[in-house]
Structures are given as C-alpha cells and as structure tokens.
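Given chain A, put chain B in place with the hints provided.
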Amino acid sequence: MSGGPPKGLPSTGPHSLLDMPHPLAGSSSEEAVGGDSTPSPDLLMARSFGDKDLILPNGGTPAGTSSPASSSSLLNRLQLDDDIDGETRDLFVTVDDPKKHVCTMETYITYRITTKSTRVEFDLPEYSVRRRYQDFDWLRNKLEESQPTHLIPPLPEKFVVKGVVDRFSEEFVETRRKALDKFLKRITDHPVLSFNEHFNVFLTAKDLNAYKRQGMALLSRVGESVKHVTGGYKLRSRPLEFAAIGDYLDTFALKLGTIDRIAQRIIKEEIEYLVELREYGPVYSTWSALEGELAEPLEGVSACIGNCSTALEELTDDMTEDFLPVLREYILYSDSMKSVLKKRDQVQAEYEAKLEAVALRKEDRPKVPADVEKCQDRMECFNADLKADMERWQSNKRQDFRQLLMGMADKNIQYYEKCLMAWESIIPLLQEKPEAKLAPIWGNEETTWCLFTTTVIGGQPGSQPRISKRCPSSCVHCSIVHNSQDVEIT
Amino acid sequence: MEQAPPDLERQWQPAPLEPLGHTDAGLQAAVGEEAEGSRDEVPGDGTMTENNFGLKKIEISVSEAEKRTGRNAMNMQETYTAYLIETRSVEHTDGQSVLTDSLWRRYSEFELLRNYLLVYYPHIVVPPLPEKRAEFVWHKLSADNMDPDFVERRRIGLENFLLRVASHPILCRDKIFYLFLTQEGNWKETVNETGFQLKADSRLKALNATFRVKNPDKRFTELKHYSDELQSVISHLLRVRARVADRLYGVYKVHGNYGRVFSEWSAIEKEMGDGLQSAGHHMDVYASSIDDILEDEEHYADQLKEYLFYAEALRAVCRKHELMQYDLEMAAQDLASKKQQCEELATGTVRTFSLKGMTTKLFGQETPEQREARIKVLEEQINEGEQQLKSKNLEGREFKFGPMLRNALARCNPVK
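Chains as they are written, first to last, in full-length UniProt numbering: chain A, 1 to 490; chain B, 1 to 416.
Same shape as in the complex, but just chain B:
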C-alpha cells in the first residue's frame, strides 16, 4: 500500500544527523512542526494517529513463526526461523480491519532495522529486540534457538518491538521502517544503500570521549550511572532467578520418585493400599506441575530482559552525547587556538611558543604579504570553526531537548 500523498514525501527521508535544516530554531520547534504537521492531516476532533501511514490507523502483529531452510552467505545450508508480519489498516468508520500487507522476516533483518535506527536516531532510546541467544538459562530450558517455547517468546518480543517503534512519533515516520513492513524483497539492499554503517561511531572513539570529556552534562552523567546500575542489578537478578528456577525444578522432580515407591508399597498392604496408591499418583501430578509454572515464569524473565536491553539503549544515548560533547569541546578548543594564532599574527606578538615563532626567529620575519595570506587562511578557518561549533551546539541541544529524552532526564532527577 503506497498511496503516499505528496506532502508526506518529505517525511520519508531518513532523519539525518545534521539538524533538520532550521538552523535558527532548536529542534524543539522542528519537532513541534512535525507534530503539528501530522496533526494537520488528521480530522479535527483531536484524534491522533501515531502509526501515520496515511491517515489510517495501523495494526501490526507478528502472527506466526516458521522453520525454514536456505543457503547462507557462504552457500551452506542453514535452518532458521521466519516470522510473519501482518499489517492491518483500521477503518475509522466501522472499526473493521483490513489486511494490507503481510511478509516474512527473519531475526537478522530485525537486527538490521534496529542498527539502522540506532545510527540515524542517536538521540532516541530505540526499543530493544528480544535476545539473540538464550541467556540466563537454567538447565532444563533449551538454549536452542529452534526450541518452540523460545521461538514463541521471541515472536512476542518482536511484536512488541514493532509496536513500540510504531508508537514513537519520530521513529514511526521512518521510511526504512515503513519499507520493512511493506516491501519484502530488496529491503536489505535499500537499507545498506543508506550507508548507515559508515555513519556509525566507532567504539574506540566513544571510549576516548568518555575519558576525555571535560564538561559532561550532569544529567547525562546521572542517567549513565543509573543505566549502568540498572543493567548490573537486572543481570544479577536474572542470574539468580535462573538458579532459583533450577533448584525449584529439582525439588519438584525428586518428589516424583515417591510416585513409584508408594505404588510398590501399596501392593503389599491391605488396608493402607488404596491410600498409598492415591498418594503416589498425587506425587506424580505434583512433580509434573513444575513445567507449566516455570514456563510462565519465563515470561517474567523476558520482561526483565527487555528492560536490561532498554538500559543498554539508554546507555548508548548517553555515550553518543558524551561523544558529541567531546567533539564540541575539541572544536571549541581548536577555534580558540586558531583565534589566538590569528591575533598573534595580526598584532605581531608571539605569546605562545610555536613553530612559526621559532622559524621566524631563525629565518627572519616573513613578508607582510605572507602574513596577510596566513591571516586570511586563519580567518577562513575561524569562520568554518565557528560554524561548526554552532552546528555542534545545535546538535547538542537537539540531543538534549529531544522529546522523549527530556522526559527521561526529568525523571532522572534524584528522588532518593
């Protein structure tokens, strides 16, 4: 379904890293515009659609999972699971839903989508995917990705992911996301063509920034600490929970041994026979009841894992901010030193030790033309630097005052 009205076309651009072209206004306004833009499209009774493909409400579901075999990149046979994504549009008038798109995607494609979103929306806490491999397992739980229970829980996780992305005012407008839901073939190529992988920051750069940044925003620092601690406590919780599940399983299963021995004992008893037989039966029932109990508990563990990954995503945003702050500081520093150089050249005073100063002393002063030329170059560089600084500042502000982040920061105020 591609009935994009003309004014939507503009919104299908992937949101760039640079500000949205309104250098004079903070992003706040831009977001405001966007939001208003969308509101304009909607009937005036105040209804909002966040799944705003056109004017209709969209329902998304990951309804099925299927085992498939295919050939991988190295032309070797592999087995994987594919998930069916169905999109329905809901007619306003009668509330009925019509199936508009359905396609199959595998986990790696979800991953690709998410990685793309992470790069293009660094200031947004991108919803997490269900875990790639089964972790925090206890012994009975299969660590096999093909296990039906695991597949089912993954299906739910993938659905939640899509719903959350679709609920986000900014992410939901992303064209790649839209194509993910509607265009089965060729989608991978389309994503890769955006070149997002190149735009990703290197880990090393990020680490460097963490250590070297001079004026980190206090709120981000707190947020970072919070997300670190949250990750740590939830990991601990999941590990211990897995051990608890393991032990509980053992307790129930050993009771099952009673079943057989009570039965055997009942055979030699007269009056006690029936009672013992019945007791044995109940022990068996008890022992087998643990499977369902623990399966239900896995859903609880899944929700904990969700927030574990969310904390990671939050951390990534903080990391990005540190990086930007660091860049800003570097740019400012660079600008300051260039300005100083310029000043020195203009006034002829050498205040700092520099190679130029040395060579001047050694080889004599340069001609006024030369000096003029150099001043000019520096002035250009200063201009560029100022521009850059301005844009970086803007980026930073956009970052900080991005819609959801503001709430996150506000909520991070120490309540302790």
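Chain A extracted, bound-state conformation:
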C-alpha cells in the first residue's frame, strides 16, 4: 500500500484507486496524491503507482524525480523489456467454457478465466473466475486509461447486428472466445500491461462489479485530467520514425482490408459452387437408377461428388472461423495503434509549446522550469514505451500472420487431398469388369466391332489393330485378337 517502504519485491494485492494518480496528471496544479506520478514499470519489482521509494535494479532513481530523464533509466526500460523474451513465464491465462445465462432482464454469455501464476501480486497460485464481454470491455478501457503510452490489444467487435448474426450460435461464441483468449494472452505477454492493477483484479476478483463501482467515483476527475492534457496542442511535425510507423500502419490496415474483402468474396463463391455441387452429385444417382451395368459406377461417382462437397463445406467453415477474424482483429489493432500515435503527438506538442513559451519569456532562468522538464520526461517515456511496444507488435504480427497464412494453405491442401482421395477410391470401381462388360458395339451375333476401333477384332496375325485412345482399356473386343466366338453378348 502506499507509504509502505518497498522491500525487494514490494506490494501485494490491488491498490486502492485513490492511491493511484493518473500518470498524465503531470501539470503542477493537478499533483495527485502520492507524490511523483511518473509510472516506472519495473519487471523485477512489482509496479506500484506513485511509489516514491521505488528502487531500480541499477540503483538509479525513478525517472523524473529530479533531473531530466536520464538516459540510463530509459535504457533500463528497454533492457527490461528485452528480458521478457526469455523463458521466464510466470503467468498463464486461459479463456474457455462459455455458458449461457438467462436472467429476467437479459441473456448473456460468460466465459471462464483460469489464471495460474507464481507472481507475488497474486495471493493464490490459481484462480478461476467468470467474466462476460462487458467485463473485457471495461478492462480494455481501464488499460487504455491507465497505460496510454502502450498499445492495448484489440477486442473482438462489440456490436453485432441482431438478426443477421446469432449471438448465441456455437460458431459465433467460439470465434469470440478465441479472440478474447488472444486478447488476454497478449496482455499476459506484455511486460508492463501484465502487471496492471486492473488486469490483476479482472483475473482474480470474485465480484468485479463492486470493484468497478469503486472506480466510478474517480472517473470524472481522471477523465478531466486526460482531457486537459490531450487537448489543444498542434504538433508541427512528427519525428521521422513515428511518421514511418504511422505510414506503415495506414498501408497495412488498407491491405488487410482488401484481403478481408477478397477472402469474403472467395468464401461466397465457394459456397455458391457448393450449392451447384450438391445438385450435381444426385443427378448421377438418378441416372444410375436407369442403368444396369453402369448403375454401380454411376452411384460411385455420385457418392464421390458428395464427399467433395462435404470437404468444401469444411474448408469454407474453417476460413470463416479462423481466417477472417484474425484479419479483422489486426485491422482493429492498427486503428487503436494509430490513436496512440496521435496521443503521443499530443504529448510532444505540449512539450514543444511549453518550451517555446519559456524561450519567449526570456527570463534569466538558468534552469528549465520543472513543469517543462516533466513534459519532456513524459514525452520521452511515451516515445520509449511506444517504440518498445512497436517492436513487440511487429514480432508478434510476423508470428501471427505466418501461422495464419500457413493455416490457410494447410486447410486448402487438406481440402484437395480429401477430394483426391475420394476420386482415387472410385477408380477401381470404374475399371471393374463384370463378365459381360463391353465397349459399345456394332454388329450381329456373328461379328462384333468395338466402336472405337477402326479394325474389327481379329486383325491379321502380326499386324497391329488400330485402337483409338478413347477405347476403354476394359474393352473386351480390342483385347481379343481372334474372332468373335469368345465374346459374349448380353
């Protein structure tokens, strides 16, 4: 709790919101409780907002206490971030077991969240709670508020057009569950976000609503301070690297959007193809009912087409459930990242404005005023956080898309393999020769001619009868060299 001196790995349990000043509440007039407000995430030490006595591993003081942000502390930040890529996983979160709840006022789905952790922040090694989409939404908002310098992963779409999509269908719920699971896992993997207060509560609290209500009181104050900071400043120019990121995200989102549309179009075409296939197969069955010898092969063809249809249906289902949602998720991600970039711009703008104001005042101060320093700090922290997150995001993106595109290729390959298998399995049936299986013939009982050959069976000994390519290999006429007596005519 606030005020308690940290010992190595200080602080356990959730902090009261009252003790947590808003990180951006940096202007002098809004000095919140708890002294210095700059958040200094620290992997090895539990983070505690506004904890003055936070000690960094290199012995330095938290950034922003006195002098301009020391480069060493920034370096620490980056170092710490690198460390998380090591194999030291100490937090595992899973989303599963969706259940429908029917109440008088509404019907909704909850998901079970299972947490396993050895971290000190967690009182118990294991937790299991139930949450609904609303709760996830709340969590995300809280994260955005409390960690504005970081990229918060996206949630699956909130609003679903009723009547078009069934909110309680198995496919929809499963798709959503996967997305929510992804969301929590991304937070879990993040070196800063995973230590977030709200995240912890979300994972552990029995009654989340009570906790939510606590926060409401503070909301207005917090909201205002945010507005205060992020309004009104115009950035002259984005630094090159952030401009590059912005451009990249623009193009990226655009291309993903196109891919999403193409994928949807493909699925639509495949479904229409499926409809025709489902009519095509049965016609062979109808035909088979008219025939004698051909009945079995025709029936076989019909069944084969049926199998191909089923395989295609599986393919389109997979694409809809696994491919499209990931594309959409990344589009949403890009959008939220662009807004973080804008916030960063705001912070920089504020700093530059204040700097200019000071310069214009032409006072003899040897020192830069404290509030300008704080602005600079804020800006540099923001930049650092953002750059680190971008790197992480790029790496995750590469992995996610690799998996996605390979999955798409694999599913398609499986589809073709299933079709191949279906067709190959009926080849023996088609080649089968019941005793009297003949190619179409002309003639009477004395002589018979295969329709495809231009010579009658019984060519001159030594000469090659000419057989057309179209004569089936099972044609008895052509395989018999001597005259017709051996050939049976039904």
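Where hints are given, some of them may not hold.
Each computed PhoX-like pair below joins lysine-lysine, with the alpha-carbon atoms no more than 20 angstroms apart [said to hold, decoys possible]:
hint	chain 1	residue 1	chain 2	residue 2
1	B	Lys270	B	Lys339
2	A	Lys397	A	Lys338
3	A	Lys268	B	Lys218
4	B	Lys218	B	Lys392
5	B	Lys270	A	Lys397
6	A	Lys411	B	Lys188
7	A	Lys178	A	Lys411
8	B	Lys205	B	Lys392
9	A	Lys387	A	Lys342
10	A	Lys411	A	Lys268
11	B	Lys270	A	Lys387
12	A	Lys116	A	Lys182
Here are some, though not all, of the chain B residues that point toward chain A, as calculated from beta-carbon distances under 8 angstroms [stated by the list, open to error]:
hint	residue
13	Leu230
14	Leu237
15	Val244
16	Leu248
17	Tyr258
18	Trp265
19	Ile268
20	Ala279
21	Leu394
To be clear, the hints were calculated from the coordinates, so they are not data collected in a lab.
Computed from a prediction, not measured in an experiment: that's the story for all the values here.
For glycine and all other residues, C-beta sits at the position ideal for the given N, C-alpha and C.
Leaving out everything else, chain B in the frame of chain A:
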C-alpha cells in the same frame, strides 16, 4: 479410287425402304448373305474388313480445320469452317498406309449425309454428329462457332462420326457415304437426286402414330422410355455441369486478386516481404490454372453430349417402328373391313350399317352383274391389301430383327 470389282456394284445401291428383294426370307437371312458376301471377298484367314472399299482396310481421319469465306445461297458473304477428310488404305503386307483420297467438307455436308442415312436406314441407330451450336455453355466458354477450341472439339466429333459409320456393317457399304469420302464436287447434287427428302416421314405422322398405335411392341416401348429418360438425365447433368464449371471458374479467378494485394503488402514489410511476394505469385499461378482444367473437362462434356444425341437417334428408331406398326394396324384393319364387305356382298347379308346397304334399301337391289363387278373389285383390293400387309409385316420383322437393334433390345431387358 474407284476400282470397284463387278460384284461390288450391286452393293452400291442405297438400301431401299422395301425389303431387299427376298420376300420369302426375313432380312436376317439377307443380312447373313451380305455378311457372307463380304466374307467371301476376304482372305480365308478370318480377317474381316468392315471398311470394305475393295479388299483393303481403310483409315479415315479428319485431320485439319480451316476458316473459309464464300458466298451462300443468297449470295451473301459468309465465313465457315471446312474440315479436311483424309482416307488412307492400309496395305496388308507391310502395314504402311497410302493416302488415297483427301477432300474438304463443311459441317452442313456432314448433316446432309446423316439426314440421308436416317431416311434410308430407319432401323439403324445412326451415329450422332457433334452439336451444331455450342449448347450447355458456361459463361467463359465461347458460344462462337469460330472459336478455336470449339472447332477442335468439333473436328474430333466429326472424325468419330465417320469412324463409326465406317465401322457399321451396313452403313459402311452405302454408296453415298463412299462418295462423301471420295468425290468432292457434285456430291450434294448426287445426294439430293436420291430424293431422300421426299421419303422422310413427317413429324405429324409420327406423332399421330404414337398416340394411335394399339399394339406397340413392348420392347420398343421400353427402349423408347429408356431413351427418353436417358436424354432427360443427361441434359440435366450437362446443365448442372455447366453451372458447376462457371462457379469453379469464379472461385479460382477471385484468388487471383490476392496476387496483387500480397505484392503490394510485401513492399512495406521487411522480414515478411519475400514470403508475401512469393505467396502472391503462387496465387496468380493458381488462378490461371483453371483454364486448362476446364478445357479438359469440356471433352468429358462432349462425350456426354454424344450419348445425348445417340439417345435421340435411338428414339428416332423407336418412332419409326411405331409408325410402321401403326401402318400395319391400319392396313390390317382396312383389309379386315374389305373382307367383310366382300363377304356381305357375296352372301347378300348386310350385317353392318353401310351406305351401300342404305342405298340398296332406298333404290333397290343392284343387278347381279353389278354385284359381281363389285365383288371382283373388292377381291382385287383384298389381294393388294394382303400383299401390303405381308410386306409391312416383313418390314416390321426386318426392323425388329435387324442386327444391331436385336442387341439393343436384348440389352434393354429390365435388369433393375
């Protein structure tokens, strides 16, 4: 090459509608004779030549197609495709083939040949021609008769047609067919001179017979039903197949859109760039692979169409039989009534109501001379009628027991 030995001359007559002049024997024997006749010409080791122009084996091929322009009947310029028919005779001894005839024919001439064969050999299921116009098309496939793929498939179909006619023991001996392969100029006139168009049965007559025939042969009825159902199911199949091809084409082509966007995306990526570029390329390859796939499938469709037309030809034979049966029944009926009339006149009893009876009552009986005269006329008519009936019966038998038809009927026994 016209080295017809004398005894072949007789065989060059177009097979007439009347029986082959052996009224006492069924056609079975006649066919037997024919077959034996041909066997006699052949070396005694049992070799058979069905392409029996002379003693040599004949190879027929439709080897080329060419676009031509000319003037049509109304003196307007038109473009059409001509096909090169080459005939080779194969020497027995060394198996080498020598080009004996080659000429150009267009589709309409093939049609003329087939129509002629249909009229002169009504009891034979005449092999079908490839379709006149591209039907069962899906959107990409050109319905244009000048399209090279269409022309190529038509060439194959025409070749199959000629090979099948040449393989048929009866059709292959037809002189008009022989001239089709050997005489380029003037052939059309020769065909038309046979007057076959006049001999063709009218559709209306055939329809009438279908409804009015009293004792249709059960086997023919079954055959008719089978061919109807076959036609219907194959048409359905072809229609759905065309739609399936259309949709499949769409699926592949939309994948092509991935090509461009992956390429554009790869431009902004560092590590992922190469992979995405490659993926885009493969999407393009995938999208273009559908053209060959569907072109191959067209050959399958062509074979289905072949049997669709075969079913039609089969149906035509059944129709002809119904017509003949109907004629037979009419003739028999007519004969029966004449006989009765005759009897009545002879015995003087009037059993049925007739105009003669009425007039007799009204105007008095006729003189014995008059009666004699009328009896005589009737007796003549009865004789004629009996002859006719006999010949019709024979026709019917010839029809039924014609060589290939017997097999077709036998195969039509319900196996279900």
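Hints, one by one, checked against the model:
Among the hinted pairs, B:Lys270 with B:Lys339 is inconsistent with the structure: their alpha-carbon atoms are about 105 angstroms apart, more than 20 angstroms. With a C-alpha separation of about 16 angstroms, the suggested pairing of A:Lys397 with A:Lys338 holds against the 20 angstroms cut-off. Distance check on the hinted pair: A:Lys268 and B:Lys218 sit about 51 angstroms apart at the alpha-carbon level, beyond 20 angstroms; violated. In summary, the hint linking B:Lys218 to B:Lys392 is supported, as the alpha carbons are separated by about 18 angstroms, within the 20 angstroms threshold.
Taking the CA atoms of B:Lys270 and A:Lys397, the gap is about 12 angstroms. The hint holds against a cut of 20 angstroms. Pair hint A:Lys411 plus B:Lys188 does not hold up; C-alpha atoms about 61 angstroms apart against a cutoff of 20 angstroms. Taken as a hint, the A:Lys178 and A:Lys411 pair is honoured in the structure, with Cα atoms around 18 angstroms apart against an allowance of 20 angstroms. For the hint pairing B:Lys205 with B:Lys392, the CA-to-CA distance comes to about 17 angstroms; that is within 20 angstroms, so the pair holds.
Proximity of A:Lys387 to A:Lys342 is assessed by CA-CA distance (about 14 angstroms); at most 20 angstroms being required, the pair is judged to hold. Of the supplied pair hints, the one linking A:Lys411 and A:Lys268 holds, its CA atoms being roughly 17 angstroms apart against a limit of 20 angstroms. About 17 angstroms separates the Cα atoms of B:Lys270 and A:Lys387, which keeps this hinted pair within 20 angstroms; it holds. The hinted pair formed by A:Lys116 and A:Lys182 meets the criterion: a straight-line CA distance of about 16 angstroms does not exceed 20 angstroms.
Checking B:Leu230 against chain A by beta carbon gives a least distance of about 6 angstroms; that is within 8 angstroms, so the hint holds. The restraint placing B:Leu237 at the interface with chain A holds, with a minimum CB-CB distance near 5 angstroms, inside the 8 angstroms limit. The beta carbon of B:Val244 comes within 5 angstroms of a beta carbon in chain A, closer than 8 angstroms, and the hint placing it at the interface holds. Look at B:Leu248: its Cβ gets to within about 6 angstroms of chain A, closer than 8 angstroms, so that hint holds up.
The beta carbon of B:Tyr258 comes within 6 angstroms of a beta carbon in chain A, closer than 8 angstroms, and the hint placing it at the interface holds. The interface hint given for B:Trp265 is met, as the beta carbon of that residue sits about 4 angstroms from the closest beta carbon of chain A, less than 8 angstroms. Against a cut-off of 8 angstroms between C-beta atoms, the interface hint on B:Ile268 holds, since the closest Cβ of chain A lies about 5 angstroms away. Interface restraint check: B:Ala279 against chain A, minimum CB-CB distance 6 angstroms, threshold 8 angstroms, status holds.
The closest approach between the C-beta of B:Leu394 and any C-beta of chain A is roughly 18 angstroms, which is over the 8 angstroms cut-off, so the hint fails.
Hints 1, 3, 6 and 21, counting from the list given before, are not met by this structure.
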